[in-house]
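Just need the whole structure built from these sequences, with the hints factored in.
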Amino acid sequence: MFLLQLEAILGNMNQTIFFILIWLVGILAFYTGKKRALSSLQKGGGVTSLPRYFGYCSIIWAILPALLLWLFLLKSDQLIVLFYILIATIPGWLLIFSNKPSLFHARKHFEKWLKIFLILCATFSVLVTIVIVSSVLFESIRFFKDVPVFEFLFGTHWSPQTAIREDQAGSSGAFGAVPLFAGTFLITFIAMCVAVPLGLFSAIYISQYASSAARKIIKPSLEILAGIPTVVYGYFAVVSFSPFLREIGEFVGLSISSESALSAGIVMGIMIIPFILSLSDDVINSVPRALIYGSLAMGATKSETVKNVIIPAALPGIISAVLLGISRGIGETMIVVMAAGLSGNLTINPIESVTTVTVQIVTLLVGDHEFDSTKTLAAFALGLTLFVVTLFLNLIALIVSRKYREKYD
Amino acid sequence: MTKKFKLKSGKKKHAYLHKRHNKEIRFQLYGITAMLISFTMLAILLISIISRGYTAFVKTEISLPIEFSESVLVPDDDADYGSLVKESLKKMFPEASGRSDRMLLYKLISNNSSYRLKNLVNNNNNLIGKTVDVWFFASADVDIFEKGYISREIEEDSRQIKDKQIVWLDKLKEQGRLRKVFNTTFFTEGDSREPEQAGMLGSFIGSLFTILACMLLAAPIGVFAAIYLEEFARANVFTDFIEINISNLAAVPSIIYGLLGLAVYLNFFGLPRSSSLVGGLTLAMLVLPTIIITTRNAIKAVPPSIKDAATALGASRMQMVFHHIFPAAMPGIMTGVVLSVARTLGETAPLLMIGMVAFIADVPKTMIDPATTLPVQVFLWSDSPEMAFVEKTAACIIVLLVLLAAINGFAAYIRNKFEVKWE
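Heads up: the sequence lines are chains C and G, in that order.
Take the first sequence: its letter number 394 is residue 394 in our numbering, and every next letter is one higher.
Take the second sequence: its letter number 283 is residue 692 in our numbering, and every next letter is one higher.
Note that these hints are calculated values from the structure, not bench results.
Glycine residues also receive a C-beta, built at the ideal position from the N, C-alpha and C atoms.
Take these hints with a grain of salt, some might be off.
[Unchecked claim] Now the in silico label distances, taken between C-beta atoms and shown as ranges:
#1 679(G) to 41(C): 49 to 55 Å
#2 771(G) to 402(C): 47 to 53 Å
#3 366(C) to 508(G): 36 to 42 Å
#4 130(C) to 717(G): 35 to 41 Å
#5 27(C) to 771(G): 53 to 59 Å
#6 123(C) to 815(G): 32 to 38 Å
Next up, the structure:
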């Protein structure tokens with residue numbers, strides 16, 4: 001089973017054999033290194049560190065060069081590779097046989113390498129950011145060569161269908177993203193109108209009024225909402241909520257589109273409730289007890305304390321929670337892909353169908369195999385916009401909450 | 410003290426307090442209402458999905474007496490097994506004589522019946538020449554009709570099941586040739602264009618491979634990065650930059666990671682499109698910040714006395730971290746990792762970008778085979794126009810939610826069982 005996976009990933013059987021062989025050589029090097037240290041001990045020569053550290057050092061020097069060589073230089077499956085790989089393990093053997101265990105400080109040597117490895121792991125997250133930014137930016141620049149930035153950011157017409165033939169009518173396609181931004185903000189706004197009051201009031205109730213036993217039940221069960229995959233919310237919106245809204249609309253004489261911004265927004269709001277709830281619960285709980293007791297001692301009721309003391313004190317934290325919620329709503333994909341529309345209407349009427357940035361990214365890229373058309377590049381430009389906007393919101397949220405923490409720490 | 414407070418007295422005082430207490434009660438009511446609304450939403454969501462989906466765990470089968478006649482089966486290679494089913498149906502319902510009637514009649518049975526017969530005969534050669542009752546899958550329309558999703562009352566033209574078919578089905582039911590059984594197909598088959606033959610095994614295995622690939626990359630890197638940041642990093646600009654970077658990465662919309670996967674893994678490295686390997690690698694970037702943050706919190710919770718004790722006994726910094734802190738923080742770290750497995754299982758959007766949305770009938774065998782995952786399967790089925798896929802979608806969601814509940818329960822179990830409460 002494991003071999004099958006390995007073979008599939010590496011491409012063929014020979015590669016798999018080489019890969020396993022390198023590790024086998026590594027194990028051999030480990031035991032040889034350890035044994036040499038042990039025998040030096042028995043001879044009364046003394047060692048600088050525990051014998052296994054000599055083994056670890058030997059593994060590093062035997063395997064690393066061989067793996068690197070195999071990965072970057074000789075990605076072929078010919079048997080001659082085997083020879084090169086075996087040569088590349090020589091540093092390991094050299095380390096074992098040229099150093100005296102009584103002089104060579106194996107533990108320090110090993111720990112040095114371990115630390116390098118840890119640093120590499122930590123920088124990996126920076127690498128991810130760089131890769132995200134550069135890949136999205138690079139493709140966006142290619143897009144902006146075709147479509148001017150100004151037209152993209154301020155154009156009000158979005159129809160990305162580029163024609164197959166040059167002479168076809170409307171062959172250029174229009175890439176004015178304003179309808180998408182408007183749609184995204186409309187849906188996010190509706191979502192926040194649902195999530196902020198519900199989440200905040202629930203948080204206040206849970207932290208101030210509920211008994212600790214009730215709190216232990218209520219909070220986790222509302223957090224179930226946070227664990228439900230977004231595709232489930234999308235399905236719920238399409239199959240249950242939109243038809244329900246339509247019926248209500250018919251009842252009061254409104255024709256609500258089946259892909260209305262209202263339906264997508266409300267369902268997205270339900271998704272964001274637990275997010276707002278747990279973030280604001282945390283900030284409310286971190287308001288110093290002394291402030292609350294002071295207010296209560298002066299004869300204020302609990303609700304007056306909440307309104308006049310807790311909320312003002314926790315405001316920066318609540319604002320940062322709301323900002324994070326907005327950034328979440330803007331970036332949310334599956335709910336809007338399933339429940340919102342595809343055509344870019346520039347409207348603020350919540351019962352009409354609107355489209356969002358994420359919906360367009362998905363529709364532009366799914367099933368499209370060629371990578372150079374303006375259409376696919378447009379998705380990256382939208383992605384860049386999305387990234388910049390959410391980054392901005394997150395940074396503000398971070399700064400606000402840091403300021404807040406400083407205030408009471 | 411220039412300002413004098415005038416204490417309200419008598420009735421006035423009473424009214425004032427009354428007003429304040431009413432306000433208090435109203436405020437409390439707001440909180441309860443907000444919570445009740447949230448709970449109602451949760452309940453409606455779960456109920457609407459369960460009520461739609463539970464029927465998909467049952468399927469309708471129809472039994473037909475099949476005459477395995479030698480004349481049809483002996484020219485072995487291209488024996489027409491389909492005709493056996495048709496003959497049997499014709500014999501049972503001789504009244505269906507016209508071409509269109511026959512078509513309606515044949516539509517009762519799923520179109521995989523000939524494969525089933527072929528398998529039966531291949532496994533058991535004695536059948537030839539005998540007449541045996543065989544259970545076949547009913548077609549999807551019959552299935553949802555029998556489950557009551559299609560009303561008999563609506564007009565025939567707008568009904569998938571016609572009047573004649575209803576008569577035949579009732580007759581079959583009278584003869585005991587129609588039964589409902591547990592839908593094993595749903596758990597043992599890959600996707601299919603025919604709803605009655607579609608199952609979720611393919612996407613389940615796809616999810617498994619994706620999680621495996623994701624965790625093999627993200628868990629070690631995330632944990633080691635957290636160890637470095639928590640125990641070794643000096644407070645300088647670079648460390649600060651990494652920290653801000655990680656907290657921002659955690660809030661980047663998941664679809665951006667899909668763009669990353671598309672641009673880097675597929676176009677730059679040329680890894681196979683639609684494969685669970687690429688899916689896993691993409692999601693690894695997504696859960697990396699989460700794993701780093703949870704691991705750091707777990708390490709932070711280990712009391713400094715342990716560090717001091719280890720260092721005092723002569724352990725090096727590395728030994729102190731890897732022999733003492735790391736094992737002590739292990740339950741917390743594992744909880745974090747298990748929770749990010751749940752996150753990986755539920756994630757959909759980035760996988761759409763890297764082409765995991767294709768229709769794939771085969772169950773993937775390795776990580777580089779084209780695959781879908783459970784949530785993507787939900788997305789694909791919810792897009793299908795057939796009514797029978799609606800219950801399949803809901804059933805798939807039920808399976809997904811049960812799995813997620815199990816994973817979260819497992820995380821809670823680890824936390825309660827192994828986590829040490831430091832005094």
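Status of the hints after comparison with the structure:
{"no.": "1", "hint": "679(G) to 41(C): 49 to 55 Å", "verdict": "51 Å, holds"}
{"no.": "2", "hint": "771(G) to 402(C): 47 to 53 Å", "verdict": "51 Å, holds"}
{"no.": "3", "hint": "366(C) to 508(G): 36 to 42 Å", "verdict": "41 Å, holds"}
{"no.": "4", "hint": "130(C) to 717(G): 35 to 41 Å", "verdict": "38 Å, holds"}
{"no.": "5", "hint": "27(C) to 771(G): 53 to 59 Å", "verdict": "37 Å, violated"}
{"no.": "6", "hint": "123(C) to 815(G): 32 to 38 Å", "verdict": "35 Å, holds"}
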